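Enquirer: Residue strings, one per chain:
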Amino acid sequence: MSEAVSVMNGAERGTSIRVRDAGLQGMITLRGDLSAAKLKSAVKAATGHAVPKAREIAFADGKGVAWMSPDELLLLVPYGEADAAVASLEAALAGTHSLAVNVSDARAFFAVEGASARDVIAKIAPVDMHPDSFGPGELRRTRMAQAAAAFWMSDAETIHVICFRSVGQYMFDLLATSAETGAVEAF
Amino acid sequence: MSTRLSSGGRLVNKDKPVEFQFNGKRLKGYEGDTLASALLANDQMLVGRSFKYHRPRGIVASGAEEPNALVNLGQGGKFEPNQRVTTTELFDGLYATSQNHWPTLEFDIGAINTYLARFLPAGFYYKMFMFPRPFWKHVYEPFIRQSAGLGKAPKDRDADTYEHFYAFYDVVVIGGGIAGLTAALEAGKSGARVLVMEQTAAWGGRAVVDGVEIDGQAAEEWVAASVEALQAMENVEIRTRLMGAGVYDHGYLLAYERLRDHLPEEKGPRHRLWRIRTKQIVTATGAIERPISFAGNDLPGVMLASAVRDYVVNWGVSIGDRTVVVTNNDDAYRTAIVLKEAGLDVPAIIDARQGGAGALMDEARGLGIRVETGKAIAKVKGKGRVTGVAICAQAGQGGVLDEIACDCVAMSGGWSPVVHLWSHCGGKLKWDDAQAMFRPDPAKAPKGASGEAFVITAGIANGHLRSADALVDAFEAGRSAAKAAGGKVKAGKAPVAADADEATLEAIWLMPQGASIKLRMKAWLDFQNDVKVSDVQLAAREGFESVEHAKRYTTLGMATDQGKLSNINGLAILSDALDQPIPQTGTTTFRPPYTPISMGAIAGEARDELFQPIRRTPMYQWHEANGADFEPVGHWRRPYAFVRSGESVHDAVNREVMNTREKLGLLDASTLGKLIVKGPDAGKFLDMMYTNMMSTLPVGKCRYGLMCNENGFLSDDGVVARINEDTWLCHTTTGGADRIHAWMEDWLQCEWWDWKVYVANVTEQYAQVAVVGPNARKVLEKIGGMDVSKEAIPFMQWADGELGGIKARVYRISFSGELSYEIAVPASQGRAFWDMLLEAGEEFGVMPYGTECLHIMRAEKGFIMIGDETDGTVIPQDLNLNWAISKKKEDYLGKRAQERSHMADPNRWKLVGLETLDGSVLPDGAYAVAPGLNSNGQRNTIGRVTSTYHSPTLNKGIAMGLVHNGPDRMGDVIEFRKVDGTTVKARIVDQVFYDKDGEKQNV
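As you go down the protein sequences, you meet chains F and B in turn. Counting along the first sequence from 1, when you hit position 133 you're at 133 in the numbering used here, and nothing is skipped either side. Remember, the numbering used here sits 10000 above the position in the second sequence when you count from 1.
You may find that some hints are simply not true.
As the list claims (entries may be wrong) - Footprint (simulated), chain B over chain F, 3 or more residues, beta carbon under 8 Å:
no., stretch
1, 20-32
2, 36-42
3, 91-102
4, 135-142
5, 145-159
6, 177-185
In short, the hints are calculated from the structure, not lab data. Predicted, not measured: the structure shown is a model, and the values here were computed from it. Here a beta-carbon is modelled for each residue, glycine too, at the ideal position from N, C-alpha and C.
The task is simple: from the sequences and hints, build the whole structure.
Expert: This is the structure:
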């Protein structure tokens, strides 16, 4: 009865381009000195990935690290492991000025899947979605229409989107609308 | 009459007939027609009435510059007014009606205005505002209301959809004529990312109509080959029906794509607004032909010479059997030649120049066309339609030498480069005297962030009217743009065009040169807004010397065509009237969009559910299903009250208050801001942020705090909890969460960048429920999982634990005066926790409550509310909150400001409670009045109401307000003014109306 539920509870829309609630994803905001050896090894231990360069992300099998700002990372871990990961980060970073906080429930997490996934985003976000400018491994923090969002590509046809939970319904409807109106075919 | 020719029409597909309706008449056209060409093919010369005099108006042009032929297009959810027939592609089932006439297009009562023209001169409307005043309301306003407006406003919801598209390029070429294609080819070859766009459905622009030869090929073949070459380049995007609408700072460009205007039954968005960032823009936008100002130049059948030619060549439509061409340049001869070759009659070419034209004149004469040089049109004859022209000497005053019967007049007053997009972002123009036109001044191009030009203009748009020059210019423009955008330019040669030698144009602004006032009053400059040569001259005489003033006074160029045909002619007339050269007069400002774009395209997807993001808490769906009457709080929707069947909202609020005070209430408090502040300097930082001490707050405890801005004014409030040695959690107001987060970051990043503090906004991580009322502890104990006793969690303390298997942080804080727990759980389990409380609480009389109940309960307790008691001009001291202002601290944001004389003034209005003598509710915002008037003649005031409610607990009206010397006047009765002008008496009382000692919350 008290099971955790993601904002759109697994909803899906679309066929040739599919927009779906990607479910609960553990997310940790980590702020600190990104160049510090202690932080780097703590991140590696928590996620299995190295600290990425500016505007990049490393993500595989539910674990990852995204660069959010010069002093902020977003760590991705399985939902159920977020609290434990925060505890180990805090232990590993004891004595250094840093902040690790579980934000898994503050977010909505979506996947846009299909050949024209790039077009779905390019209609709502002021981001250059041309393959020469953006591809797997990169991340953008931006807005989608009127809501703040971040997104990355895990492969040529899959884009992951995160936003605040309170605008999850808006984001789902927005992505689905953008997908339904078809491709622009300009890439 | 205008009709379809048996041959010709390179754009129409005669195998695909199309049916459409105009004013209820069923008419036929072909695929490839514009609505203009199809109407003309059906002899529908009359298409509308002018704005002011309701003069009959026909089609003048063949493109975006058309001023007259605007129609209501479509029906119901597809209805749109003011659509130009020249840019409307014909489709099967198209439904159009004409505008601005009553009762019918052919017989329009408003046409009487044309006989009143001498009473409706330039500045007519402005003059009416002045004198005589009573006439305004009773005579002028009803008259203007009757005549105002062109098209009708749509009545139904727009049935179409629209979208935006964000695109990024190195080079964008605007214009798909031979110059644009040449520039695009060069930019494309450099490897740069290129977009080339054409506003119409066909590539090639004028060159294909005029039969220019390029590299030994006919223009049409060269264009087809170039388009194919561009399509083959992977780095080039090439699109028709895409118009460059506006150029803005930093290479931002808006383009307007019309996807389904010609395919209304197909699925998908109707328009797409391209929001482009580009390093370089090439404007290859061509030129627009100018009309000539002669008497009767607005009669249907008088058209631009190039348009007459376009209709024959592109759509196989002749405007008349007998066309008189009138010109001041060689280009119009092409029209005469085209007509003659199509088997139509050209009785005469009237060339205002004494010397006539060059090679084209010989060709025309060779075809047997009579050419009259040094002549002019004295006036056009006909009523509602051209029947002939009277010829005079251009040098004279209009003495008629000859009359020629004709049914079409093709006029050409020279060409004006389309400089709009060049000019939008600050590109300057220079006057070219030889060609009588403003052309871009490449030395004064629009500049980007680096100080370098980011717009390059090419071809005819750059003032190179001959194809040969235009191609050389476009070739260089394409290469320059590519280079500036970082592309690699290879060696190459410009395409070579051949076109006939031409004699120079002669500037003719009025025909004949000495036209009498009677002729000038019939010589139109602006066809849509009915501005004539005489109006501009009157404006000059009345002192409107600036071109911008003259424009507004006469309305020249203010119609939906934005003066594409009229501006240059108008300012030439103005210059002449002011006896100054044209460049000294200058142009009016070119503003985006180039032609009107749809409101739908601007809105994009932002309609209906997507109009604005609504923020929802995890319990939103429960609220929605259980009678919530929502109110907006920021972007959140919070339940104002939960209304049960048979109840009014007011009843529901009263029930919720009583139930919470007597039994058990639940409030969805998830929207409250929650900021984590952590670091070795976090205590020091919070001591600066809040007026009171936060560094001394013991771990495990809560403290209410106030935040002020640098000016001392109260900005936000909330309860702060100390989580551990270097971590605090700050609650903010619902609307303040993002603002206060940004405020903290601002100070940390810009001012105290060396302080070791991190802030994270965790507002949405938690669903927060206030469990309130005498039974609050009972329900939590029933759910179980942690000790919630008074001893375990005393008032103003917090504890972590688990409730019903859900991880919870429990704060003993109260905004109601009752026993109260605010419980934060992970948002993903918020709904489960809410359901659990409702189920477990049933035996304890649980009811959820909304924001109005919350407001009433806090007011009964005398608690302030940010936004009610504060309005940006109130300091904490005004609200008697001195207890929350640390005396020990050296500094906090707002401290210095609060010490300034006006802030420390004992005469500032201060917070008190108010009780009406009759128990009624004071009007919100009402002012307390004192005898006498102030220096503005207004009633003196001594206070105002900040919060006012009916208290169900006390069964009377209660209020708080700011009153002069209020706290010193306890028991005094003052008067508050009501909206109806009467007053109501209220007694000044303590602001705490309920449980003053706080016994109920501290149990």
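Enquirer: All hints are to be evaluated individually against the structure, with a verdict given for each.
Expert: Hints, one by one, checked against the model:
1. 20-32: holds (count 4)
2. 36-42: violated (count 0)
3. 91-102: Coverage by chain B holds for the stretch 91-102 of chain F (5 residues, Cβ < 8 Å).
4. 135-142: violated (count 0)
5. 145-159: Held - the stretch 145-159 of chain F has 3 residues with a Cβ nearer than 8 Å to chain B, which meets the minimum of three.
6. 177-185: Per the Cβ count (5), the hint holds.
In summary, the numbered hints that this structure violates are 2, 4.
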